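Take the two lone chains and join them into the complex the hints point to.
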Amino acid sequence: MMVLTVSTYMMGALQLGGTGVVMFLLLTMIIKSTLIIRDFMELRGVSTLWKVIMYGWLGIVTLGIAVAYLASS
Amino acid sequence: MKATVIETSEPKLLPGDFAIWIFIFAELLVFGIFFLIYAVVRAQNVELFNQYQDTLNREIGAINTLLLITASFFVVKAVHAIREDKLASCANWLYASLGAGAGFLILKSTEFYGKFSAGISMDTNTFYFFYISLTFFHFLHVILGMIILLAVLVKTKRGKYSEQEHTGVETGASYWHMVDLVWIILFPLVYIIR
Numbered sequence: 776m777m778v779l780t781v782s783t784y785m786m787g788a789l790q791l792g793g794t795g796v797v798m799f800l801l802l803t804m805i806i807k808s809t810l811i812i813r814d815f816m817e818l819r820g821v822s823t824l825w826k827v828i829m830y831g832w833l834g835i836v837t838l839g840i841a842v843a844y845l846a847s848s
Numbered sequence: 241m242k243a244t245v246i247e248t249s250e251p252k253l254l255p256g257d258f259a260i261w262i263f264i265f266a267e268l269l270v271f272g273i274f275f276l277i278y279a280v281v282r283a284q285n286v287e288l289f290n291q292y293q294d295t296l297n298r299e300i301g302a303i304n305t306l307l308l309i310t311a312s313f314f315v316v317k318a319v320h321a322i323r324e325d326k327l328a329s330c331a332n333w334l335y336a337s338l339g340a341g342a343g344f345l346i347l348k349s350t351e352f353y354g355k356f357s358a359g360i361s362m363d364t365n366t367f368y369f370f371y372i373s374l375t376f377f378h379f380l381h382v383i384l385g386m387i388i389l390l391a392v393l394v395k396t397k398r399g400k401y402s403e404q405e406h407t408g409v410e411t412g413a414s415y416w417h418m419v420d421l422v423w424i425i426l427f428p429l430v431y432i433i434r
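Heads up: the sequence lines are chains H and C, in that order. If you read the first sequence in the working numbering, its first letter stands for residue 776, the second for the next number, and so on. If you read the second sequence in the working numbering, its first letter stands for residue 241, the second for the next number, and so on.
Derived from the structure by calculation, the hints contain no laboratory data. Here the structure is a predicted model, which means the values were calculated and not measured. Where a beta carbon is used, it is the ideal one built from N, C-alpha and C, also for glycine. Wrong hints could be hidden among the right ones.
[Said to hold, decoys possible] For lysine to aspartate or glutamate, the following DMTMM-like pairs were computed, each having C-alpha atoms within a straight-line distance of at most 20 Å:
hint, chain 1, residue 1, chain 2, residue 2
1, H, K826, C, E250
2, H, K826, C, D257
3, C, K252, C, E403
4, H, K826, C, E267
5, C, K252, C, E405
6, C, K395, C, E324
7, C, K317, C, D257
8, C, K317, C, E403
9, C, K252, H, D814
10, C, K317, H, D814
11, C, K355, C, D294
12, C, K400, C, E324
13, C, K395, C, D257
14, C, K252, H, E817
15, C, K326, C, E403
16, C, K348, C, E299
17, C, K355, C, E299
18, C, K395, C, E405
19, C, K317, C, E405
20, C, K317, H, E817
21, C, K397, C, E324
[As the list claims (entries may be wrong)] From the derived model, a few chain C residues whose C-beta atoms are all more than 10 Å from chain H:
hint, residue
22, A331
23, N332
24, M362
25, T364
26, L374
27, V394
28, K400
Chain C on its own, in the form it takes in the complex (with noise of 0.2 Å):
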């Protein structure tokens, strides 16, 4: 007589820290709130909204939808490397999307240049406020994954993760890809939708 092996997987944890989760959470809830605000007011101001979305530059801002886009391939090459402990490939992967964030915030920083040196603020109308609000905010964001992205390749660089320990690299990982998230939802919604 057979026995019947019943098996039962259990879900998979999220990856990385879980403290960082709690802080993705949050902070997509803080830039859900900033979109649904802006598509109310863009809904009581579509004539301004229309007119001065075609004062954005749309290149520059689907470059930097494909830059994004591609650092975060680039990340998850970087875990999945450190994941069959190739240590040195890890931190290649996180140069190459160092470079791709590096490439985002100089496209972005010329376009707040553009803006800012003809005199454009958030003092503007009520456009502008919310595309440089949101912009910057999220441009900040970035700022910050790329710290986190640079403390874990340093950390990789000096063997202090491997095939068992690698919780860093999945954290930096998670809020690099919630930084690409929100960017995904932020193009269309302020550059393209009229």
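So that you can see chain H by itself, here it is in the shape it has in the complex (with noise of 0.2 Å):
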């Protein structure tokens, strides 16, 4: 995760953009979140409806942001 987040700093610090970019941000938000998810929050084992809450929550925030993102560029 710590990679992952100086990784996105780079992409800020160098000013880089295009829907490349934003697509690799959006991987690695992803890949954050549910490694938060799973491993601190403990959702791994849980009952299938907390998982869909959870990992449907984060679907369909980082679709909304891409799509918002694709409509603009």
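Right under this line is the structure:
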């Protein structure tokens, strides 16, 4: 997660933009969020309902950000 | 003749008090709507958002991300410690997580101070309206998370938790991880994506 955070920062520091960069940023965001949900919040092994709520939330937010970005570019 | 044993494993329960999860889901819903509105408004004002995003301190944003992830890791260690009945270790990890959380608050406060002292407010423009409202709303959640962790620390120091009963530690930890999760999305969305 530390490495992914530094890579996210580097993208910003270099002022990189564009669809490819944003998709990479969203992918790193999903990976970090999944690690937090699964390992830190300990949702591994809980009822499917709770996983659907948490990962569904993450999916909808990420998809919404991606669609809004693509619509503006 | 051997008997066949069929093992059925029940799903695990959510860690901590179930009530905190209702609160967490509600908080995530609010932040999720906020993120989506930000993304849509940004799509209609790309140049403005890109221009003023450059005025943000990305170094502070990145360090704050590392601080929150570190604090979350320390909280995980605190939960593991109490499950092994190691109260002193649990308390030490909670001190460490509070320290990292305090680091976040100090850095974020300096960022806010810089903006406010430069005359920037929510009325300055649409970007700053979202930047200040989103980050300040999250800032308040970090404070609440730290208050909860502090309460858990006090009860740990008083010996109120054990290997058998540590729901409070898991409850505080779950809330803290939610605060971390929200920032993991907020940082690239507001500070980086352009």
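Going through the hints against the structure:
Of the supplied pair hints, the one linking K826(H) and E250(C) holds, its CA atoms being roughly 15 Å apart against a limit of 20 Å. Proximity of K826(H) to D257(C) is assessed by CA-CA distance (about 17 Å); at most 20 Å being required, the pair is judged to hold. Of the pairs offered as hints, the one joining K252(C) and E403(C) holds, with about 17 Å between alpha carbons and a cut-off of 20 Å not exceeded. Taking the CA atoms of K826(H) and E267(C), the gap is about 16 Å. The hint holds against a cut of 20 Å.
Distance restraint check for K252(C) and E405(C): the Cα-Cα separation of roughly 16 Å lies within the 20 Å cut-off, and the hinted pair is therefore satisfied. In summary, the hint linking K395(C) to E324(C) is supported, as the alpha carbons are separated by about 17 Å, within the 20 Å threshold. With a C-alpha separation of about 19 Å, the suggested pairing of K317(C) with D257(C) holds against the 20 Å cut-off. A C-alpha spacing of about 14 Å is found between K317(C) and E403(C), which places the hinted pair at or below 20 Å, so the restraint holds.
Proposed proximity of K252(C) and D814(H) is supported: the alpha carbons are some 14 Å apart, at most 20 Å. Among the hinted pairs, K317(C) with D814(H) is consistent with the structure: their alpha-carbon atoms are about 12 Å apart, no more than 20 Å. Distance check on the hinted pair: K355(C) and D294(C) sit about 13 Å apart at the alpha-carbon level, within 20 Å; holds. For the hint linking K400(C) to E324(C), the alpha-carbon distance of about 14 Å falls within 20 Å, and the restraint holds.
Between the alpha carbons of K395(C) and D257(C) the distance comes to roughly 16 Å, so the proposed pair stays at or under 20 Å and holds. Restraint check for K252(C) and E817(H): satisfied, since their Cα atoms lie roughly 9 Å apart, inside the 20 Å limit. Simply put, K326(C) and E403(C) have alpha-carbon atoms about 8 Å apart, close enough for the 20 Å limit, and the pair holds. Distance hint between K348(C) and E299(C) is fulfilled; the C-alpha atoms sit about 11 Å from each other, no more than 20 Å.
Our distance criterion of 20 Å between C-alpha atoms is met by K355(C) and E299(C), whose separation comes to about 15 Å. Under the criterion of a C-alpha separation no larger than 20 Å, the hint pairing K395(C) with E405(C) is consistent with the structure, at around 12 Å. With a C-alpha separation of about 17 Å, the suggested pair K317(C) and E405(C) falls inside the 20 Å cut-off, and the hint holds. For a cut-off of 20 Å, the pair hint linking K317(C) to E817(H) stands: about 13 Å separates their Cα positions.
Between K397(C) and E324(C) the alpha-carbon distance is near 16 Å, which keeps this suggested pair within the 20 Å criterion. A331(C), annotated as away from the interface, keeps every beta carbon of chain H farther than 10 Å; the closest lies near 20 Å. For N332(C), the condition that its CB be more than 10 Å from all CB atoms of chain H holds, with the nearest at approximately 19 Å. Non-interface status of M362(C) relative to chain H is upheld: no Cβ of that chain comes within 10 Å, the nearest being about 21 Å off.
Even its closest Cβ contact with chain H, about 21 Å, leaves T364(C) beyond 10 Å, as expected for a residue assigned away from the interface. For L374(C), the non-interface assignment is confirmed: its Cβ lies about 13 Å from the closest Cβ of chain H, beyond the 10 Å cut-off. Annotated as non-interface, V394(C) keeps its C-beta farther than 10 Å from every C-beta of chain H; the closest such distance is 23 Å. For K400(C), the shortest C-beta to C-beta distance to chain H comes to about 21 Å, beyond the 10 Å cut-off, and the non-interface label holds.
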